[in-house]
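Colleague: Generate the whole structure from the sequences, applying the supplied hints.
Number of protein chains: 2
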Amino acid sequence: MDSDDEAARHRAKMIKRKAVQDAEVAGKTIEKGLLIVHTGPGKGKSTAAFGLMLRALGRGWRVGVVQFIKGAWETGERLALDRFGDQVAWHTMGEGFTWETQDRARDVAAAEAAWAQAQRLMQDGSIRLLILDELNIALRYEYLPLDEVVAVLRERRPDLHVVVTGRNAKPDLVAAADLVTEMGQVKHHFAAGVKAQEGIEF
Amino acid sequence: MDSDDEAARHRAKMIKRKAVQDAEVAGKTIEKGLLIVHTGPGKGKSTAAFGLMLRALGRGWRVGVVQFIKGAWETGERLALDRFGDQVAWHTMGEGFTWETQDRARDVAAAEAAWAQAQRLMQDGSIRLLILDELNIALRYEYLPLDEVVAVLRERRPDLHVVVTGRNAKPDLVAAADLVTEMGQVKHHFAAGVKAQEGIEF
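Chains as they are written, first to last, in the numbering used here: chain C, 2 to 203; chain D, 2 to 203.
Treat the hints with caution; some may be incorrect.
Identical copies carry no separate label here, and so any pair may be met within one copy or between two of them.
As the list claims (entries may be wrong) - In silico SDA-like pairs for lysine to any residue, Cα to Cα no more than 20 Å straight-line: (1) Lys33 with Pro159; (2) Lys188 with Arg168; (3) Lys188 with Pro172; (4) Lys188 with Pro42; (5) Lys171 with Gly185; (6) Lys33 with Val175; (7) Lys17 with Tyr142; (8) Lys196 with Thr30; (9) Lys196 with Ala20; (10) Lys171 with Leu145; (11) Lys196 with Ala24.
These are calculated hints, taken from the structure and not from any lab test.
Modeller: Have a look at this one:
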């Protein structure tokens, strides 16, 4: 087969593919605030949420972040987000992973305060995107009532996008969500003895 | 069982967990530039790369981005990254998805130009993080020689972090990588007729 044939075949195939693609795009007409869940054991759950935040900030939106578990490793993002001033409302409410605090009552109190803050931000009409970072952890350890949290998320303002991150998302939350991505770990450098590094992990 | 018992049990369990965690962290001593791959059919591959970029920018690093496939949907990120001025070197080299161009020779030429640009940025000592967005697509369609690309990535500067995104990462690339995350699609709002929306998808 000569290369003209091959090019023609490629073109014909791609014309078909484009028609399918265009029809798919045309078939989607609904606009709504999405409930997005990033779960799974792999990396990238919070990082992808921060990437979404970057996009939203670029569009001039105000965004909120509530951290249900305080990460030691948030410095990089925080420094970068300082550039966006009042466009970002950031609340770190948790007190570290539960094996750091070793105190269930304190963890529950912190989760409740974080959830109260999240609900305040949900009612703030200037916020278009809200990230509830590691909320799944608080739900997994039953620091918060699952039914109430899912009900409040379902009844969010129609134009509010919410991103929930953390491993082991509860099935009821997945059922309520519009978009769920499971980050799977294929290979991790920690297993090869590489440590957490500035600029990458924090 | 009264709640004091329960609290004590929780505390004992978490003390053990913390010891394991601390030992794990102490066991990791290697610092190196990572080759990171975000693949899989789910959302968040490029978005998580942009999140990593945000972290790196917060640390004051210079970062490079080469887009092997021009996305129509990059406006949000681009606008946000303008805030970081010269810290970001952004190169959009591809010309749209292959079903948009319908011209294989043009796609190959665009991929080759993008790869040449990527290699220039790899040699620029001021760049600490380089994102090769949708390189996996160019490799999948054999627009670039896999062996050469993997060899160049393996021989990168020891302090350079590289993130490669796109579906269907080649096994040779996965073998060369330090960290591989597979984004799996659990649920997608497009299936429910919701369209791509400003601030979320672009």
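Colleague: Which holds for Lys171 with Gly185 at a C-alpha limit of 20 Å: within a copy, between copies, both or neither?
Modeller: both (17 Å within a copy, 17 Å between copies)
Colleague: Using 20 Å as the alpha carbon limit, work out where Lys196 and Thr30 are close: within a copy, between copies, both or neither.
Modeller: Intra 46 Å, inter 5 Å, cutoff 20 Å: inter-copy only.
Colleague: 20 Å Cα cut-off: does Lys17 pair with Tyr142 within a copy, between copies, both or neither?
Modeller: between (50 Å within a copy, 17 Å between copies)
Colleague: Classify it for me, Lys33 with Val175: is the Cα-Cα distance of at most 20 Å met within a copy, between copies, both or neither?
Modeller: Within one copy only: 17 Å inside, 37 Å across.
Colleague: Since the copies are identical, ignore which copy is meant and state whether Lys188 and Arg168 lie within 20 Å (CA to CA) inside a copy, between copies, both or neither.
Modeller: both (17 Å within a copy, 16 Å between copies)
Colleague: Indicate which option fits the pair Lys188, Pro42 if close means a Cα-Cα distance not exceeding 20 Å: within, between, both or neither.
Modeller: Answer is both: 11 Å inside a copy and 17 Å across each meet the 20 Å cutoff.
Colleague: Within a copy, between copies, both or neither: which one fits Lys171 and Leu145 at a CA-CA cutoff of 20 Å?
Modeller: Within one copy only: 12 Å inside a chain, 42 Å across chains, cut-off 20 Å.
Colleague: Between Lys196 and Ala24, at a C-alpha cutoff of 20 Å, which is it: within one copy, between copies, both, or neither?
Modeller: The answer is between: 12 Å across copies meets 20 Å, while 47 Å in one copy does not.
Colleague: Treating 20 Å as the Cα threshold, decide for Lys33 and Pro159: within, between, both or neither.
Modeller: Only inside one copy: Lys33 and Pro159 sit 6 Å apart there, 45 Å across copies, limit 20 Å.
Colleague: Go through the copies and call it for Lys196 and Ala20: within, between, both or neither, with a Cα cutoff of 20 Å.
Modeller: Close across copies (17 Å), not inside one copy (47 Å); limit 20 Å.
Colleague: With 20 Å as the alpha-carbon cut-off, assign the pair Lys188 and Pro172 to within, between, both or neither.
Modeller: between (26 Å within a copy, 12 Å between copies)
The structure is consistent with each of the numbered hints, conforming to all of them.
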